[in-house]
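Colleague: Working from the sequences, and respecting the hints, build out all of it.
Protein chains: 4
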Amino acid sequence: MIRVGVMGAAGYLGGELLRLLIGHPGTEVAHAVSTRFPGRRVDSVHPNLRAQTDLVFSAPDDLDACDMLLMATPHKATMKLLPEMRGRAKTVIDLSGDFRNPDPAVYERYYGVPHTAPELLGAFVPGVPELFRAELAEADLISVPGCMASAAILALHPLTGLIGPDVQIDARTGSSGSGALAGDANLHAERSGALRVFAPVRHRHEAEVARLTGLNARMTATGVEAVRGVQVVCHATGSADEKAVRRAYRKAYADEPFVRIVAHRTGTHRLPDPKLLSGSNYCDVGFAVDGDRITAIAALDNLVKGGAGAAVQCLNIRTGQPETLGLGFPGLHPV
Amino acid sequence: MIRVGVMGAAGYLGGELLRLLIGHPGTEVAHAVSTRFPGRRVDSVHPNLRAQTDLVFSAPDDLDACDMLLMATPHKATMKLLPEMRGRAKTVIDLSGDFRNPDPAVYERYYGVPHTAPELLGAFVPGVPELFRAELAEADLISVPGCMASAAILALHPLTGLIGPDVQIDARTGSSGSGALAGDANLHAERSGALRVFAPVRHRHEAEVARLTGLNARMTATGVEAVRGVQVVCHATGSADEKAVRRAYRKAYADEPFVRIVAHRTGTHRLPDPKLLSGSNYCDVGFAVDGDRITAIAALDNLVKGGAGAAVQCLNIRTGQPETLGLGFPGLHPV
Amino acid sequence: MIRVGVMGAAGYLGGELLRLLIGHPGTEVAHAVSTRFPGRRVDSVHPNLRAQTDLVFSAPDDLDACDMLLMATPHKATMKLLPEMRGRAKTVIDLSGDFRNPDPAVYERYYGVPHTAPELLGAFVPGVPELFRAELAEADLISVPGCMASAAILALHPLTGLIGPDVQIDARTGSSGSGALAGDANLHAERSGALRVFAPVRHRHEAEVARLTGLNARMTATGVEAVRGVQVVCHATGSADEKAVRRAYRKAYADEPFVRIVAHRTGTHRLPDPKLLSGSNYCDVGFAVDGDRITAIAALDNLVKGGAGAAVQCLNIRTGQPETLGLGFPGLHPV
Amino acid sequence: MIRVGVMGAAGYLGGELLRLLIGHPGTEVAHAVSTRFPGRRVDSVHPNLRAQTDLVFSAPDDLDACDMLLMATPHKATMKLLPEMRGRAKTVIDLSGDFRNPDPAVYERYYGVPHTAPELLGAFVPGVPELFRAELAEADLISVPGCMASAAILALHPLTGLIGPDVQIDARTGSSGSGALAGDANLHAERSGALRVFAPVRHRHEAEVARLTGLNARMTATGVEAVRGVQVVCHATGSADEKAVRRAYRKAYADEPFVRIVAHRTGTHRLPDPKLLSGSNYCDVGFAVDGDRITAIAALDNLVKGGAGAAVQCLNIRTGQPETLGLGFPGLHPV
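Residue numbers (my numbering), protein chains in the order written: chain Z, 1 to 335; chain W, 336 to 670; chain X, 671 to 1005; chain V, 1006 to 1340.
Think of the hints as simulated: they come from the structure by calculation, not from any bench.
Ideal placement from N, C-alpha and C gives every residue a C-beta, glycine not left out.
Any given hint could be a false lead.
Only some residues are given here: those of chain V computed to face chain X with a beta carbon under 8 angstroms [said to hold, decoys possible]:
#: 1; residue: Ser1180
#: 2; residue: Ser1181
#: 3; residue: Ser1197
Away from chain V, derived, C-beta distances all over 10 angstroms, residues of chain Z [stated by the list, open to error]:
#: 4; residue: Pro114
#: 5; residue: Leu121
#: 6; residue: Lys243
Modeller: Structure below.
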């Protein structure tokens, strides 16, 4: 039984980590840490966990040594917390934005402040099993990419030799991506039905995509009606025809347990749509070709494959358990 | 030209008052008062008013004398504000909950605090033109009922001799009813898709319904997905058959400009649905009869006929203008 | 391994049966029968089952003998199909409306046509484990109640000695309840955001509630925005205080694996809301008391505890497997 | 009084034409033609028109001569209908896709069938007042562009000298764009919450954009949750800085009554969002610049400025009435 500590356990990503770990036959949640709610029952904040657990939130200081520490704390706070916390566990998986880019200058450009732990940046392995499975099996520091970056990386990775170097990524995200803290912009009456282009240029996740695909990635991001889900539509040019593109995807993902190729000619569900993926750890990828233009599409649940599920998949790999353990929920239709 | 001051102009009801008054050929907005945003452009808070107005929010102290004062300030605050503000205008129309019930004991029971201006309570005429048109033409203090109360009063008023005395009202309301201030409960991710029974018993508006219909009204309230809109389904018993019920509605509302009887045997839109009423000042009423059970249904836009539109309708009556002036928007389909 | 046949497998309830049975360690789907799509892959209709199964729909005639037959075919059709199909399996679980009421006169009153297999009506055990667990362990014919009836029965059953005899049930349901066949009324543009009172009086499910609770149940039903989910708010009178009501619920449900009591004083999630239950087999029940008025509330996923999940729970009981097998998904938050 | 005939009056665009024309002080609806519902009351199909009109649908043969004929009939059908109908009115405004491209080869490439009235194609003036006001004042044949094309043309037109030649347009559209006829793909349960990339490459409207802007336009289209509304995000490269881009928009649209520049540095509503525009005839345009990358954004209501409202604006111009007549509704907030 792997003893796991979760920091930031009262947030939305923290809640998904708890749901997955409580339902996981090989893990035990030793601590669910929350600075806001220490002493409160976990299910008073995450009501879907009623009857699943009697766990109570701990304060950060109560965090004892455990086998694995999962950090779902906010960016900027995490780069300060992690150096002091990493001693409490052999392996740390960070879900924040703070350790995704090895170059502190990139961090400062996209996050607007200097990095406070630059010496650690180079030590993190990206939490993308499809690209770094071998490294993850031995990593002690793992950084899960941003949800939109994960989708774009999985959409583009098989095509890196066939397209480029420029790629324009149009990313759409549900409201849970902005977290569990209330603000004017995520008030229901304001956000409901919105198509809010909140990053018309230079969304932060473009740096992660550029680094892991080698492409000149540019990302625009729009908030959409859904609570969960991310979809990316990536526009590139290249000389590959549809057959070659399909072959590239098949080669890359034939044996991947959590990537499905969804690229049919007809049907309502012929291309990736996050509506089908709520709660599941799948990333669906698809494509279309028109002359020299190649469009790559991916969808995932931002809180699962785009966060907590990817972290659990990494945990499984790191601890030598079956990679799919605890991640079997396939999603619902209709929903 | 009627010079109007609006207090609480930065809230959702305030925004609707501004939209209606700016588009109204007989009124001029002299002051849009906001304690939060004095000095800011009105269209920076109400973006639908871009290109409609260059108005800037005033501070409360800047409010000069005007012909009519419309108060869309919060309950509990309004009973303190109104006594000092009423000298600035001949007529005051209050949209808050503070002056709806003449009995201060009822106020205290439903709002949990003693009323601070009980001497004024008896002076208000309810802002329901369908019941109090003559009184409104001469009233200097007008209190618009709550949105769910307005719907229930219009659904039940024609039936008062035919049903009762008990009536169970099931009220459903969109998220704009809880206002423009962000809180945990109206975060998009929490409210989206919710069916939240926030008042399983004793919703405040039941006292207003009881008073104006003479029925023993009990109200349960549920928050639903929509941003706008209120629907009430009222359950009562009586001996009237369908024909008699229809006759009662026709008699009551044949000449009413803003009440439509919607009670068809077939069709998707056979009974009142607030989906059709966004932005309009209509209240649709309908009914069904099964033996001794009579179900009365009403729908309206909580911010228009359930608030700002009713206030403008009262303003029109009070100032001798055509009652429908500035209230012509019929609503959209589909939307 | 229990070999199961599913009829009506291309509908929404059929799809949920397949999802649950494919993920169930003790069952094997022998046939997924569809009259519309024989020969097509199951995952072309239920895209959430991609990578879960290579199953192909069969024609009805291809249905071989199996251990258990689950029927998710339409009402009126099922009463004709079931008599000829029941020979193919020892046990039949019907999810349609055709065998829920033992009295054929009740069927005719609510469905508008005479029953064509009245001789079978008395042989069915209701698929409500909380009331009929012992009988279900030996039943060969099981009829799962309607989704709104299931919610109301679980809300009201513990109170039967404390309230009554009249109860007014206000039921709300998502769009999946009207099935997978397109029609004018369930077009997205028409249904989105609607509050459609489609049964202002005499909803069919009231007969099932009346029968299984002994109360004089009356049901009004409204279609709401959600795709999944049912909520019932039941209004009754009685002399029990809050403590007695809570005690009655605890007594009834303390050991039930799929009923949770949700009745808190505060908090966004203090009463049952189907938003939390998508994909789960829980029915949450709650209540409020105001003088002699008792309000009972329940919520469930109409396709799971209100249909396919209840059927699998019955299958587990009937076949001597652990009752919760294959039904472990707890639902998501937020979603 | 301009006597207007509307064909296709039972569809969603037809319904919006009727709403606008009935509320318009200078027009009279002489005929509302529907092949599906001749003899039925218009408000039985468009329930928002209850109490606005007693109009009844006519059959096509009943269409008498009128001053202006507005065609909201389906593409492919319209190219057959229009030649025989144009004799009934001096001016015809077509809202279908059939007369938007002067080159019949372009029509065949995008619509898959040869054009049956190629001789008429050259005679149509595009229904874009911002580009063709003078021509529209004298045109007898007017073709309103597609909703996504209109948005993209207004977003890109001011930039044509500053960007190009390539532009990638990411278009998003609500469900009313697929019309009022039910089908599997627009069933509520399937469409609700979907992010459906229905045209990953080569959406039809790209040809219209290319023609009217001179750019090499490529369009991808995604169906989103909303019922109404279109948003386009256009990606191009160029050397203009933010100041120059803003100047170009101001120069183009300073005097336009229905185009607003929405490009603020901060605020929830800093860029165009169709959520604010339901029912209004505004097209909001905005932009962002990052080095050599220029992103242009536009939003409109697909049924108003993207269809019926643009047609009425053209009608006003053609008949010498004030251009904004009957188009004053500003949209709602929140909604």
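Colleague: Is the hint on Ser1180 (chain V) kept, meaning its closest Cβ partner in chain X is under 8 angstroms away?
Modeller: Since the shortest Cβ distance to chain X is 4 angstroms, the answer is holds.
Colleague: So, as I understand it, the hint says Ser1181 (chain V) touches chain X; can you test that by seeing if any CB pair is closer than 8 angstroms?
Modeller: 5 angstroms, holds
Colleague: May I ask you to test the interface hint for Ser1197 (chain V) with respect to chain X, counting a Cβ-Cβ separation under 8 angstroms as satisfied?
Modeller: Status holds, d = 5 angstroms.
Colleague: Would you say Lys243 (chain Z) is clear of chain V, with no C-beta pair closer than or equal to 10 angstroms?
Modeller: Label holds. Min Cβ-Cβ 16 angstroms, cutoff 10 angstroms.
Colleague: Just double-check Leu121 (chain Z) for me: nearest Cβ-Cβ distance to chain V has to come out over 10 angstroms.
Modeller: Holds, because the least Cβ-Cβ distance between Leu121 (chain Z) and chain V comes to about 25 angstroms, which exceeds 10 angstroms.
Colleague: Evaluate the condition: distance from the CB of Pro114 (chain Z) to the nearest CB of chain V exceeds 10 angstroms.
Modeller: 22 angstroms, holds
The structure meets every hint from the earlier list without exception.
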